[in-house]
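The chain contents come next:
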Amino acid sequence: MSAAGLANESLPAVVARDLTKEYHLGAVVVQALRDVVVTIPQGRFVVLLGPSGSGKTTLLNLIGGLDQPSSGELTVMGQRLGNLNDEALTAYRRDTIGFVFQLFNLVPTLTALENVQLIGELVGNGQEAAALLDAVGLAERKGNYPSQLSGGEQQRVAIARALVKRPALLLADEPTGALDDETGHGVLQLLWEQTRSLGITVLMVTHNEDYAASGDLVIRLRSGHVVSVAEQTDPVPPERLGAS
Amino acid sequence: MARSRDKKVSLGRLLGKKVLRDTGSLGAASISLMVLMAVGVSLYVIFAEARANLNASVQEFYRRSHFGSATVLVESAPPSLVDSVRLVPGVTEVMGRRVKDGTLILRDRIRRRVQGRFIGIVPGQRSPINDYTVVRGREISGRGECLVEQKFAEANRLNPGDLVTASYVGQRHDFVISGTVASPEYLYPAPDKESPMGMPETFGVCWVDDDALRQWLGIGQIVTEVHALTTPGREDEVVRTMRALGDRYGLRSWWTHEDQPSARLLKNDLQGWQALSLIFPSLFMFAAALSLYSSLNRIIRLQTGVIGFLRASGLSRREVLWHYVLQGALVTACGALPGMVLGHAGSKWMVKMYVGVIQIPVCLTQPYPQVQATAVFMAIAVGVVAAYLPARRAANTPPAIAMRGDAATDRADAAGNRPDNWLVALTRYLPTLLRIPARGLIRKPSRTALAVGGLASGCAILLMTLGLYVSIMDSIGEFLDKMVHYELDVTLSSPQADSLIDALGSIEGVTAITHSAMAPVRVIAGDKQANMTANGVEAGQRTMWLPTTEGKPIQFKPGELWIAQYVAKRLGVKPGDPITVEWAFSGRQKPIRTHMVLGGVMDVTFGGFAMGEYHDLRRRLVDRAYPMAAYGATIACPPEVGRVLKRRLERDDAVVNVISMGDLRTQIYSSMRITRIFIGIMLGFGAILAGAVLHSVSSVGILERMRELATLRSLGFSAQATTGVAALEIYLMAGLGLAVGFPFGTWLNRGFLGSFETDMFTFRSHLPLWTYGFAALVVLTLVSWSLRAGVEKLRTIDLAQATKARE
Ligand SMILES: Nc1ncnc2c1ncn2[C@@H]1O[C@H](COP(=O)(O)OP(=O)(O)O)[C@@H](O)[C@H]1O
Ligand SMILES: [Mg+2]
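Chains as they are written, first to last, in the numbering used here: chain A, 1 to 244; chain B, 1 to 807.
Treat the hints with caution; some may be incorrect.
Some chain A residues close to chain B (C-beta under 10 Å, calculated; not the full set) [said to hold, decoys possible]:
id	residue
1	D86
2	F99
3	F101
4	L103
5	L106
6	V107
7	G120
Computed spacing ranges between beta-carbons, pair by pair [what the hints assert, rightly or not]:
id	chain 1	residue 1	chain 2	residue 2	range
8	A	S150	B	Y388	36 to 42 Å
9	A	G151	B	A739	43 to 49 Å
10	A	R222	B	Y388	42 to 48 Å
11	A	E87	B	G684	50 to 56 Å
12	A	R222	B	S25	39 to 45 Å
Calculated from the structure, these hints are not laboratory results. Please read all numbers here as calculations on a predicted model, not as lab measurements. For each residue, glycine too, the CB sits at the ideal point set by N, CA and C.
Just chain A, same shape as in the assembly (with noise of 0.2 Å):
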């Protein structure tokens, strides 16, 4: 389902209620998130911001459908998520999810193309993939293979691959972690400009306090707990964020 066929503006991208997450390692429970409430109205650009440890991965796979909730309610795109066996969530994030990765995984033996292709014609978009190459400025590199791409190179290549998907949510866990400053700022750009022209919503998990501030939504937890959630009415494009 891509964001255009869910126009509905009314209805939020996503509504956490009391979500609970706990891991059990042997005799210690690790409470990972704790009686999250948060709602995400569609279209907003989310900062998600903690220290290491707080829970921030966890709420993304919870979100992303990667992992189920130990207990709480979870409504993605009018979906609840609760009541979803193995086929479904994979259709789940087939139709409805994008994600981006720290550590970018892309395909290493498919070029940068064929990566892009790959994930578009699942979807049964593949023909954009070229397109989308291009708008995240690789048009030159389209044969490459990951391992000849630079760290910059690779994240804009999974950039496009979420994309390529029009999905109604961008899920993207530290994007710039494994890049240096000014690449990593080059990402976020791109990530920025891309997914507000298209309407996607994109929920990111970031470090950088400095990122805060493009935010259309920031919401900071802190030992599983939502500690704030602020929302800014004027958020920097990070194009002008190096400049303040």
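Mind docking chain B with the ligands on chain A? Use the hints.
Leaving out everything else, chain B with the ligands in the frame of chain A:
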């Protein structure tokens, strides 16, 4: 949004591309895997197809020449026996003929005497059963001509136009050879069921004019052999009836087409192939499966993040599973297809060679689609099975793994390094640097299993091959070097000829003479029996070394018979047990049997003979069976004296034939040439197997460990210490492989040699220390060789890159 059909096709195309390139990226590992598969498949095709084609060639030759399906041999019967057999239910064709065994005197300079068999034929008339094919020269056209069996002719350099003299109980007749023939009865020229092998040098079959034969031998319209064709499946029943009918005419022997002397030897020979066609391909496919398993595991481990991503993007579990299973099938198919082609070519070559040796005028080398399909099916099945476990692991990759920082987290790592693992605990006593290779073995159990399994298989092939060679050489050596202390083995035409032998005692150089008497017998113990040649030797004889199982010389006593250890075991008799010994051709008309006790057992590989005291055995059996029994002597003397004596004896009418051990030795060792080539090829295969496995394991091992090893180097360890760590792990693996391979190979060797075992013959499975040493040397050499590439890479590594690299 539904995925349309063509979209799915192009998605499949991309995933297919990924499969191909992943396979390519494995490089050496993929290639060695394909080589293993190709060799496994081609070995199966070679053996299975060659066996099928040989069988078909032989059967076709049998069909064309109307090979008899049921036969009885009698002393002498009226032609009415043939008519009676014609009326036996199931019989479709009958033929009676006159056949006599005598002596054939070759007209070469030394006028050698060999065993001759004379078969009466009617010129210009095809035999309805057991027809021959003329391969050189032409049919006989008169009473003075004969046809000879081709292998005998070849071994004795007889050509059409040559003259031979036939002699039967003093009656002589000269024949001119008009041609040589291939006969279905003498593909292996064995005179009777008791013969352990064909004897092309000393057994000559001649087809002569039937009237000439009758006149020469002074016999009337009698028959000595009745052959029948039957409707398939009724051979046993027909032979039973024919035996009953022939019993009153001095039944000498009988057989169905399956235990006909030549056919039985041929069958035994092909039986060994069947064992080979199973053992060898299995070992190779097993190694290929292990290799595939580990390669796929490696791909999947490296691609954990990607798989997580694919799953996160909406690829289903089943799609991921299929993706990797397909990869396994693809790689095996890539190996199997060339293997099939190679195998067919190999089988063609093998059939041609073998047909050339046994000289059948039919040589079929058609492809057997079902054999090839079986081979490819097996290969792909092996590939799918081996790929399934890693593929399932991939399919079960939790998609959340893509999110985790360290995508290469390996559960096996964690499990292997858990402090409560006792194996890991043990490694704590090692120096720090040694803990790395030791734990390397523990934490990648599948890779260790692959290496150990593959090395053990290679090692097993080496041992099995060497074992076969050693056993062959042992049994030859046992006979030629241990048992035989004589130079000449003389067969006499009558017991009266003894005096001729005694006269030789005074000749200078002759150190010992032993008289012997032989008769084919059946040894019966309870309801079990074994056919063999009973051999009487003088009690104090010095020309043969016949040891008891304790290695002491046997003291032969009247009333006692000694047989081979394994035959005794098969008959279920112990020394001291009563046994019945019966002349092999005993019938109701001419029963010759005697009761003896088992004197003891002999530690010998050839079980086709029994030994007793000379005078005792003559009295009990041999003299009673004469002229169907034989007398002879063994003479100990220096080879030069032997050569002179041989010429002298061969000219004498009282002598049937003389075998010189010197000649026999040369003949046996020259026939070993083919065996040596075969052994060499098999050793090569063993080395390929071990090498391919090692190559994939060690190069993968080092590449996989590059980051870890590079880190060690960047921390200050020398290049030498680092490569040492990597190499040590491979050497440890090789050690484990040998530890498993030695017992495995020993066990396989026993089974393999067992497949050659017949009533007549058994190999002792004995692997001397040097065979293990040799196998170990080959494996360790291969290890050093296979390490070279990895070590080179490690030496020239870019540390900054390698410590960061994740893939
Ligand atoms: N699979 C897991 N098993 C056990 N504990 C986990 C697992 N994943 C995360 N955790 C724990 O949950 C907590 C939150 O982790 P995570 O969401 O990854 O934090 P963040 O992404 O904010 O750094 C941490 O204490 C972490 O150790
Ligand atoms: Mg995290």
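For each hint, the structure was consulted:
| no. | hint | in the structure |
| --- | --- | --- |
| 1 | D86 | 7 Å, holds |
| 2 | F99 | 5 Å, holds |
| 3 | F101 | 6 Å, holds |
| 4 | L103 | 6 Å, holds |
| 5 | L106 | 7 Å, holds |
| 6 | V107 | 5 Å, holds |
| 7 | G120 | 9 Å, holds |
| 8 | A:S150 / B:Y388: 36 to 42 Å | 38 Å, holds |
| 9 | A:G151 / B:A739: 43 to 49 Å | 46 Å, holds |
| 10 | A:R222 / B:Y388: 42 to 48 Å | 45 Å, holds |
| 11 | A:E87 / B:G684: 50 to 56 Å | 52 Å, holds |
| 12 | A:R222 / B:S25: 39 to 45 Å | 43 Å, holds |
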